[in-house]
Every structure is written in C-alpha cells, then in structure tokens.
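Line order of the protein sequences matches chains A and R.
Position 272 (the first sequence) corresponds to 272 in our numbering; numbering is contiguous.
Position 65 (the second sequence) corresponds to 419 in our numbering; numbering is contiguous.
Keep in mind the hints are simulated off the structure, nothing from the lab.
Model, not experiment: these values are computed from the prediction.
No residue lacks a Cβ here, since even glycine has one placed at the ideal position from N, Cα and C.
A portion of the hints provided could be inaccurate.
Derived lysine-lysine pairs resembling DSS-like cross-links, with alpha carbons at most 30 Å apart [as the list claims (entries may be wrong)]:
#1 R:Lys-382 with R:Lys-620
#2 R:Lys-472 with R:Lys-484
#3 A:Lys-162 with R:Lys-421
#4 R:Lys-484 with R:Lys-495
#5 R:Lys-472 with R:Lys-382
#6 R:Lys-484 with R:Lys-421
#7 R:Lys-571 with A:Lys-162
#8 R:Lys-382 with R:Lys-484
#9 A:Lys-162 with R:Lys-544
Covered stretches of chain A, going by a simulated chain R footprint (3 or more residues, C-beta under 8 Å) [as the list claims (entries may be wrong)]:
#10 292 to 298
#11 324 to 337
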Amino acid sequence: MEAKRGRGPRDWRLLWVLAGMLVLASVLSLGLGSLETPGKAVLGALLQRVSGGLWAGWVDERVVTVVMDIRLPRVLVAILVGAALATAGACLQGLFRNPLADPGLIGVSSGGAIGSILAISSVGLLLPSNSLLLELQIPLWAMVGAMVTTFTVYRIARIAGKTHISTLLLAGIAVNALAGAIVGAMLYLSDNDSLRRFTFWTLGSLQTTTWRTFLLMAPFIVIPLAILPGYRRALNAFLLGEAEAYHLGFNTQQTKRVVVGLCALMVGVTVAFCGLIGFVGLVVPHLVRLVWGPDFRRLIPASALLGGLLVLLADLLARTVNAPAEMPIGVVTSLVGAPFFLSLIHRRKRHLSY
Amino acid sequence: MLRATDIALDIGPRQILRGIDLAVEPGKVTAILGPNGAGKTTLLRILSGEWAPGRGSVELNGEAIGKIPVRRLGQLRAYLHQESTLDFAFTVLEVVLLGRSPHMKGSERPEDYEAARKALREVDLADREKDFYTALSGGEKQRVHLARVLCQIEEEGIEEARYLFLDEPTNNLDLSHQQTIFRVVRRLAKAGTAVCMVVHDLNQAFQVADHVVILDKGAVALEGEPEIIAQSDDCARIFGVRLRRIEVGPARRPYLILDPSEEEEKESRA
C-alpha cells in the first residue's frame, strides 16, 4: 500500500487551510445570533472598538456591544476550549500509545465532576461575602477537583520513583470509577434543582462566557499550547514504546510528567468553566491522523486548529438552532461528531490504521 | 569498552541476575545465550542503561552509564527490542528516521535522510520506504526496526565507541534475512562498533560472534571464544538436551545439533 498523503515534514499547507477556515468561522459566529448582524456591521463593530471609537457611529452601539462583549469572548473561548481538548487528546493518545485514549483517562473530567457537584449542591461553600468567588464557585471547585484527581492518579501510578504508562492507565480507570461513585452518592443526596444543574453541567455549555472568563481561562490553555509542541519529537518516539523512547535519547520521566501535567491543566480549566464537552479530544486527533499521518510535529498544531474550529461551529449551532434557547454544546458535538466518525470508520474499515 | 562488574538484580523474591562480570568490546560481536528465563534480556537492559542493576556497576567508555545524559547515551548506543509494536500509520521511512532523533535538533537534515535510506538498503527495504509500517509483515517490521537502530548509531563526527544491543534480532526473519542481519553485524564490528546480541541458536552464535556468553539461572555459566564453547560438553548440560557435534565444510566448522537418538529413546520407552 502506497502512502498517498501529502506529508513531507515541511508540508504545512493544511495548517493554512485550517487557519483560514477558523477565521471564516469566527466572522460567521460573530454575525449570527438572535440579533442578526451582517458582515459589514461585524467589521464596523470590530473597527470601532479597535480604533478606540475613531470610527464610532457607523454601527448601532447595541450591535457593537453584542458583537464585542457577548459574541467575541464566546468565540475566543470556544476556540481555546476546542484547541485545548483536541491537543490534550492527541498528546495523551501518544503517551498511552492508544488511539482511543481520551483526556478523561487521567481523571480530569471525573475530578471536575466531583468539584462541580460539590459546588452545585452547596456542600463546598466558598466565602459568600466575596461576589467574584461566589460567581466562580463552580469553576474553582471543578478545577480543584480535576487537579487533585489527576495528581492522585499520577501518584498512584508511581512505583519506586517511576511512573509506568500501563499503571497510569489502570490507576486512571480505578480513580475514575471511584469518582463516579462519589458523584453518584452526591447526586443521590441532592435535590431536584441541583440534579438538573449538574446534568446540564455534564452536557457542557459556553453560555456564561464573558471577557472575564476568557481572561481567566486563557493562560491555562495558551501556555500549555505553547510548551507542548516542544515535546513533539519525544511523543513521536513514545509511539514506539516507553523503553524505545528512552533508548532514542528522550527523558521519558520528564516527558510523562510535563505532558500529563499540562494536559490536565488545559482540560481541567475547560471542564471547570464549560463542563464536559465530549468527543472533541478523541475524534479531532483521529481526523488529523487520517488525513495527515501520526507525526506529532503536524498533529499538535493541526489538532489545535481543527479542535478550535469544531467547537466554534458546534457552539454556533448550539446557540442558533433553537434560539433564543440554547442547546448543551456536548449534545451538539456528539450528535454531529459520532455519525461522521462512524462513516469514516466504515469507509476505512478495510485498513483501519491510526 | 562497556564493562559490567558484579551485576545482580532481584525482582521481588526472585534472583534474576547474580554476580555477572562482563566486558563488551568495540570491534567485537558478543553473543549472549541461555535457556528461557536465564536472564538474557534483563542483562541486555542493564548493560544498555535501560534498567539500573540492584548491585554492581556498568561503565560505558569509562563513565558510569547512569551518569551519561540520556540524549548523549542515545547517540552512543542503540537497542533493538525483541518485539517493537507501533499501531500508528507512519511510513517506513518515518519510522527509520525516528532513529535519528538523538542527533537532530529541529527537523531532519539531508544527512539524516541519507543515513535512514542507507540503513533501509542494508535490510533490503529500500523500495518500501513510502509504504505504511502498519501494512508490513512481521519480518519486514523487524527489519524496519533494525534499520532504525542502525542509523541511530551511524553519525559522523562522534569519536567514542558505539554500541548496538540486539535482543533476538532474527525473530520472525526468514533464513536469507537472518543472513542479512549477520552480515550487517559483522560489518559493524569490523568498523569498530561493539555489538552485543541475545540469540537462541548456538550455531548462529558460533557463526557470527567473537565472544560467547552462556547464562544459566542468572549467572554466567560458560564464556569464551565460539570454537572453545563448541567443543565443550557443558552446552548440552546447560540446555538440558543431548547434543551431537558435526563438522561442516573444508574449514570443518563445528555445528551442534540435537541428538536424534534422545527422542527416539523416549518414543520407544513410551
């Protein structure tokens, strides 16, 4: 079988295509919503804000507010969330040498769920006097839950100073099961309102996004996204196996620590603010590999862009399909992603190679 | 020179290795043999630095192997595992290029492609470089990994001795490609590389090695030049079989084959 993909290591065309699509989708997203805004108005709003009011008066102030203060932060957060989930998925699939690995494997999602149910059912009350902390109650607790759980998984997998990937996987499965039980018990004890809020949390939403959430999330995603490509060669070697990566001259312990830690941070912060958005972390790296091969030098940037694009489009669908009501974004990603993925698998069944 | 002194390793209550002294010399092929579970692979892992011994020391070119930075170590020695699996659809050339990792800073340089292609030619896979690794047969995969470790230790401008560790490199290979491997190993040794390989077949060891080490129950049971080992009756005792020695060709090279009379006796008794 001849490899037909266009994939020299310096073939970056697909990245430009993805980046272009991302820009287009962003403009589309800024224009669509319960207040219809044509492209001209979007541009006007952007110009007015960027120029510091120099071009004021072109567009209605109301339009400027909707585009700049409601839609723009949401668009940016959607891109960040998608990039974070897809990149973490790609890196962890490499680390676990398993194309079916999901960011949830290291306990981030289930830990976030514990934190969120604690906050929702008001067991974990933060200082109510501070309004900022009160507003951020769920994200803060979810983030704490995600980090503590991941750390626990990582520590359990540490035997005699070394973390082995196979034990990490087992520890993740066990801790996830335990976390599921804790969430179950909390749900059993909580009232109907909490139950409903928690259910919606598990389906994910970008509804409450503001500039402040964007600014709070950005560093936790942008910094890992900047560091992880530095481990692209080590991750490539990890695909051969941990021992092989060591023999190829890579510090395997450091790679595992850094990659797991950064992925936990990225996914943790998306889980904290946007709940559980399924499918992106699993499917996006798959798609990229099908088209572009498994080399992490291309996989990481392409996954980040495609993940951002998909979550952006999913959020657009979620908030427009039944406007002004919003669908949970996790429903959209799975509803659209799963059949698409199935058709891909079906078409490639004969040589299912990742 | 790679020198192991008084190596011992316990895993739980089991003594895997005990009191092993061994020198792997540049320019020579050292073959490690022994019954299943004798500790061959464990010893290879310790010699290559992958595992730390419970006791004893390993020195590579005069330095404690644990003290050498991992990347530097990757430039000096390569290791072919008994079985390497890779479930991701890299092309053959991409897999081999991974072997160049310890020498690269950014992306592949022309000389990396050159080294990778040369290694592929050596294992008879030159025309398969664009194929997907996942679509290859077991023997072809094994040869791809061999090419990967070959190009890992072939970098110009490194003065120190290089080491190649092979754990049963003839696994899955047909006879002609087993010969290919031995040819490559001999060539490397001639060029000054130290080759240390685990093999199963005594006669293969006699054919390719300069120095033969036979492990039994975690200790060195027999060691020496192949001609001497071939004359020894201890081989049969260690492997627990009856062996017959035959001599082949004008050079009267010794071959050890299983004595057929043993099985015949067993059958007639049954």
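Next item on the list: Check each numbered hint against the structure and report the violated ones by number, ascending.
Entry: Hints 1, 6, 8, 9 and 11 not satisfied by this model.
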